[in-house]
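One line per chain: the protein sequences are G and B, in this order. Residue numbers for the first sequence follow the working numbering, beginning at 1 and rising by one. Residue numbers for the second sequence follow the working numbering, beginning at 1 and rising by one.
Incorrect hints may have been included.
Below, a sample of chain B positions facing chain G; criterion: calculated Cβ distance under 8 Å [said to hold, decoys possible]: (1) 13; (2) 21; (3) 29; (4) 36; (5) 58; (6) 145; (7) 151; (8) 172; (9) 183; (10) 185; (11) 243; (12) 247.
Some chain B residues judged to face chain G by a derived CB distance under 8 Å, without partners named [said to hold, decoys possible]: (13) 17; (14) 24; (15) 28; (16) 31; (17) 56; (18) 59; (19) 60; (20) 164; (21) 174; (22) 175; (23) 177; (24) 182; (25) 195.
Quick caveat, the hints were computed from the structure, so don't treat them as lab data. Every residue gets a Cβ at the ideal spot worked out from N, C-alpha and C, and that includes glycine.
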Amino acid sequence: MSAPSPQRDLLRFITCGSVDDGKSTLIGRLLHDVGAVPDDQIAALTDADGALDFSLLVDGLLAEREQGITIDVAYRYFSTERRSFIVADTPGHEQYTRNMATGASTADAAIILADARKGVLTQTRRHAHILALMGVRRVVLAVTKMDLVDWSQAVFESIAAEFAAYAARIGLEVTAIPVSGATGANVARRGEDGGWYAGPTLLKTLEGLPPLSEGHLPFRMAVQGVIRPNLDFRGYTGRIAAGRVGPGDAVRALPSGVTTTVARVLAPTEDAEQASAGQSVVLTLTDEIDLSRGDVLCAAAAPLEVADQFEAAVIWMADAALLPGRQYDLKLGARTVAASITDIRHKVNVNTLEPLAARTLELNDIGVCHLSLGADIAFAPYEEDREMGGFILIDRMSQATVGAGMIRFALRRAHNIHRQPIKVDRARRAALKGQQPAVLWFTGLSGAGKSTIANLVEEQLAAEGRHTYLIDGDNLRHGLSRDLGFTEADRVENIRRAAEAARMMADAGLIVLVSLISPFRAERAMAREMMGDVPFLEIFVDAPLATVEARDVKGLYAKARRGELHNFTGIDSPYEAPENAEIHVQTEKNTAEEAASVILDVFLNASGRPSGARPR
Amino acid sequence: MSDAPSALSADRLTHLQRLESESIHILREVAAECARPVLLYSIGKDSAALLHLARKAFHPAPPPFPLLHVDTTWKFRAMYALRDRMAAESGMELIVYENPEAVERGVNPFDHGSAVHTDLWKTQGLKQALDLHRFDAAIGGARRDEEASRAKERVFSFRGPGHRWDPRRQRPELWSLYNPRVSPGETMRVFPLSNWTELDVWDYIAAENIPVVNLYFAAPRPVVKREGALIVVDDARMRLKPGETPQTRTVRFRTLGCYPLSGAIESEATTLDAVIAEMRASRSSERQGRLIDRDQAGSMERKKQEGYF
Chain G
1 MSAPSPQRDL LRFITCGSVD DGKSTLIGRL LHDVGAVPDD QIAALTDADG ALDFSLLVDG
61 LLAEREQGIT IDVAYRYFST ERRSFIVADT PGHEQYTRNM ATGASTADAA IILADARKGV
121 LTQTRRHAHI LALMGVRRVV LAVTKMDLVD WSQAVFESIA AEFAAYAARI GLEVTAIPVS
181 GATGANVARR GEDGGWYAGP TLLKTLEGLP PLSEGHLPFR MAVQGVIRPN LDFRGYTGRI
241 AAGRVGPGDA VRALPSGVTT TVARVLAPTE DAEQASAGQS VVLTLTDEID LSRGDVLCAA
301 AAPLEVADQF EAAVIWMADA ALLPGRQYDL KLGARTVAAS ITDIRHKVNV NTLEPLAART
361 LELNDIGVCH LSLGADIAFA PYEEDREMGG FILIDRMSQA TVGAGMIRFA LRRAHNIHRQ
421 PIKVDRARRA ALKGQQPAVL WFTGLSGAGK STIANLVEEQ LAAEGRHTYL IDGDNLRHGL
481 SRDLGFTEAD RVENIRRAAE AARMMADAGL IVLVSLISPF RAERAMAREM MGDVPFLEIF
541 VDAPLATVEA RDVKGLYAKA RRGELHNFTG IDSPYEAPEN AEIHVQTEKN TAEEAASVIL
601 DVFLNASGRP SGARPR
Chain B
1 MSDAPSALSA DRLTHLQRLE SESIHILREV AAECARPVLL YSIGKDSAAL LHLARKAFHP
61 APPPFPLLHV DTTWKFRAMY ALRDRMAAES GMELIVYENP EAVERGVNPF DHGSAVHTDL
121 WKTQGLKQAL DLHRFDAAIG GARRDEEASR AKERVFSFRG PGHRWDPRRQ RPELWSLYNP
181 RVSPGETMRV FPLSNWTELD VWDYIAAENI PVVNLYFAAP RPVVKREGAL IVVDDARMRL
241 KPGETPQTRT VRFRTLGCYP LSGAIESEAT TLDAVIAEMR ASRSSERQGR LIDRDQAGSM
301 ERKKQEGYF
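Chain G with its partners taken away, still in its complex shape (with noise of 0.2 Å):
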């Protein structure tokens, strides 16, 4: 191996193809010819006629083989002299949008390979929108297996040809180079065999790359939290996304909007007279303002816009569909907040780049989205910078990372739309009802009393001289949520939407009744945090799946279990049940009557004292 000087500096590259490809075999050979591969490991690789499978250099894991699937991308090591390289290798297969996604995410540049003997595919048209839409732009097309075709200085110069023009469409730089993994003909070395051919080998191209580089965009940096040792000193920790910044800089921040100015850069222990993009550091500055973890800070005279609703393109990784409406977390630079889809635009097929309809986004979707945030971020179009403009989304319930997404701009009805201001308030409605308004959520299965009992509820209430209103899930799909049906997504939405029926309603004075299936967790928590300091009682009325079956007033179980009603709740889609509803009453055990006189108890009890949303 040559002597790597410690001067060198780092590109990161990703590698799309598949085994077919001959992708192992080249990686293989690249890693082995740079002096990467120890000689223990290569004893391990040589098979019973001595000759050496590089493809098993790449190997998968056990877990892999055993439970018959592909953990997204390896990472893999090399250097030369004037360069460190981190290699994302990605498995090639049908289903990897997900995976590709993500070990693009961090690459300067990318490697496609071609095969000499099939040319330009779908699959290789594929990964080139995945690099595009991923932002990156610089791509090294390796026509691979030339041996196989005799080094055809004419299949190599069409196959090139053809992919260049194309990648050219979608806004593509573009390097061809013919190689053989089998031999290591233009790998490390140059390749005999191929005498035409004058360019670099694959390692000199690799070697020759820009990596990518915020450092000319104006200054930019994702605070990631507070120093305070002492009273005397209070640094900002973060890595700078884009630009530079030294003392004396004027800086913005934001969301709010505050200027100030840098006192001191510690890159990252010791001042220093400036430090630029990707440097870890930590700021103080000569004005003590408002700043913590998730704010951002930038050059004073180029502010980042900050908005609270997107258009973004979001990539689906997990297993359970995306659900429109459905709040889940969203986290950009060290800021996290609240956030749903709102509207898809459409779906993206990746193999041509077509719009398609589409009313979710399943595992290895790509949708173009309506994003609306819980609050004000901070944010660059994700063309412009990836670091401000790339998000995750975080399921809330399982914590999972499901999505990523990369903001194309601000929706100009976040500038544009005001809330109008109202000069009477909930406070003085109520005042005039003489009550303190309430949200009632009754929640179950399909036929297990809650209509029932919510009604016994109401009545009693009128009766005392209380404003009442019942919002029934069935008399719901009559009127508002006429146009829904039954899938996750129009359940989430007919959710959403009782839930703002009954919000509006509480802020009319009203104590609101809602009787509806809502089986899912997320959807009840979300309809608890719209109501704010209105109290609001989850009521779970449980009763036995087979129960219910059994009495199956409305006849609907029998036509779910004879295959005529799809997506229904306790058949064949599920029910979360409350993990700490406020109230839990059994209809099995208790008669309507019992179960309403209990809810009213535990509701005119609580109504005395100020209660507000409760934490997840």
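For this one, chain G is given, so just place chain B on it according to the hints.
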């Protein structure tokens, strides 16, 4: 503490600067988002680099988490000395944990074999220590280049109940956005050195003048040869086989663990520069000297699934 080597130019950072910045970013994310993080400190060169990075990440404050050494009682004497010195120097709390069951049974590599020894002291010991202190994130110095099964490890590696690594529940890591969230009973292992190679660690140790245990440098040491490995007789507990006499050889270590299980290499490298030069010329992998990895095929991966670091 000094900063990393100078940049290539104003906007182009060296690979060590990039790696350092990335590791510091990761350490700050753990501190910000995890409730009770801990830094697993095992005294080797990777731990040394990791501790140094943690101190830089929060300078001028001390790192906001303690050090945890899951001890086996069979480390080299020089390692214990360096551990205590570094804990005192960093101003961080040092928690030393020894699995009480292993203490009681007197578990050692000679009577119990490397598999039982490693499982009880290290795997079970780590799980017990994390549970006892209710740590939700354990920061460790593992690198992806160390071993084949690590190439796919996440920076934030999710561990389910019982600290098990479940490949299906690992989270995609895009850009520099990590999701360290866990529910009760779940934990994270965090690897800030994921993208470092063995050589990067040594280059960094040299550039930053980080103290490492002298066992990494060649010196005459009493050695016996077992199963093809050179074992240094570090104290009187070493059981010599009949006819076995320690011989003095000039050796050093590439990787350190329990002394009866760590294979030395013959070397004349007595300085950092010489160690780095030797490594550049080396054609064998780092873990070759570790007896515990040889137990069975895919052994590292299996150990990880069971909760080994």
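Now for the hints, and whether the structure bears them out:
1. Hint status for residue 13 (chain B): holds, given a least beta-carbon distance of 5 Å to chain G, under 8 Å.
2. Look at residue 21 (chain B): its Cβ gets to within about 4 Å of chain G, closer than 8 Å, so that hint holds up.
3. The beta carbon of residue 29 (chain B) is positioned within 8 Å of a beta carbon in chain G (closest approach about 7 Å), and the interface hint is therefore held.
4. For residue 36 (chain B), the interface hint is violated, since its Cβ never comes within 8 Å of a Cβ in chain G; the closest pair sits about 16 Å apart.
5. Using the Cβ-Cβ criterion of 8 Å, the hint placing residue 58 (chain B) at the interface with chain G is satisfied: the shortest such distance is roughly 6 Å.
6. Hint on residue 145 (chain B) holds. Least Cβ distance to chain G is approximately 5 Å, under the 8 Å limit.
7. The interface hint given for residue 151 (chain B) is met, as the beta carbon of that residue sits about 4 Å from the closest beta carbon of chain G, less than 8 Å.
8. Hint on residue 172 (chain B) holds. Least Cβ distance to chain G is approximately 5 Å, under the 8 Å limit.
9. For residue 183 (chain B), the suggested interface contact is upheld, since its CB lies about 6 Å from the closest CB of chain G, less than 8 Å.
10. For the restraint placing residue 185 (chain B) at the interface with chain G, the shortest Cβ-Cβ distance is roughly 12 Å, beyond the 8 Å limit, so the hint is violated.
11. Annotation: interface hint on residue 243 (chain B) violated; nearest CB of chain G at approximately 30 Å, more than 8 Å.
12. Given hint, residue 247 (chain B) at the interface with chain G, is violated; its Cβ is 25 Å from that chain's nearest Cβ, farther than 8 Å.
13. Among the interface hints, the one on residue 17 (chain B) holds; its C-beta lies about 7 Å from the nearest C-beta in chain G, closer than the 8 Å criterion.
14. The closest approach between the C-beta of residue 24 (chain B) and any C-beta of chain G is roughly 4 Å, which is under the 8 Å cut-off, so the hint is satisfied.
15. The beta carbon of residue 28 (chain B) is positioned within 8 Å of a beta carbon in chain G (closest approach about 5 Å), and the interface hint is therefore held.
16. Using the Cβ-Cβ criterion of 8 Å, the hint placing residue 31 (chain B) at the interface with chain G is satisfied: the shortest such distance is roughly 7 Å.
17. With a least beta-carbon distance of about 5 Å to chain G, the hint placing residue 56 (chain B) at the interface is held under the 8 Å criterion.
18. Hint on residue 59 (chain B) holds. Least Cβ distance to chain G is approximately 4 Å, under the 8 Å limit.
19. Annotation: residue 60 (chain B) was flagged as interfacial toward chain G, and the flag holds, the nearest CB pair being 5 Å apart, inside 8 Å.
20. The beta carbon of residue 164 (chain B) is not positioned within 8 Å of any beta carbon in chain G (closest approach about 11 Å), and the interface hint is therefore violated.
21. Here the hint on residue 174 (chain B) is kept, as its CB sits about 4 Å from the closest CB of chain G, short of 8 Å.
22. With 8 Å as the threshold, the beta carbon of residue 175 (chain B) comes within range of chain G, its nearest partner Cβ sitting at about 5 Å, so the hint holds.
23. At a threshold of 8 Å, the smallest CB-CB gap from residue 177 (chain B) to chain G is about 5 Å, leaving the interface hint in force.
24. About 6 Å separates the beta-carbon of residue 182 (chain B) from the nearest beta-carbon of chain G, less than 8 Å, and the hint is met.
25. Below 8 Å, beta-carbon pairs count as interface contacts, and residue 195 (chain B) has one with chain G at about 6 Å; its hint therefore holds.
Hint compliance for this structure: hints 4, 10, 11, 12, 20 are broken, all remaining hints hold.
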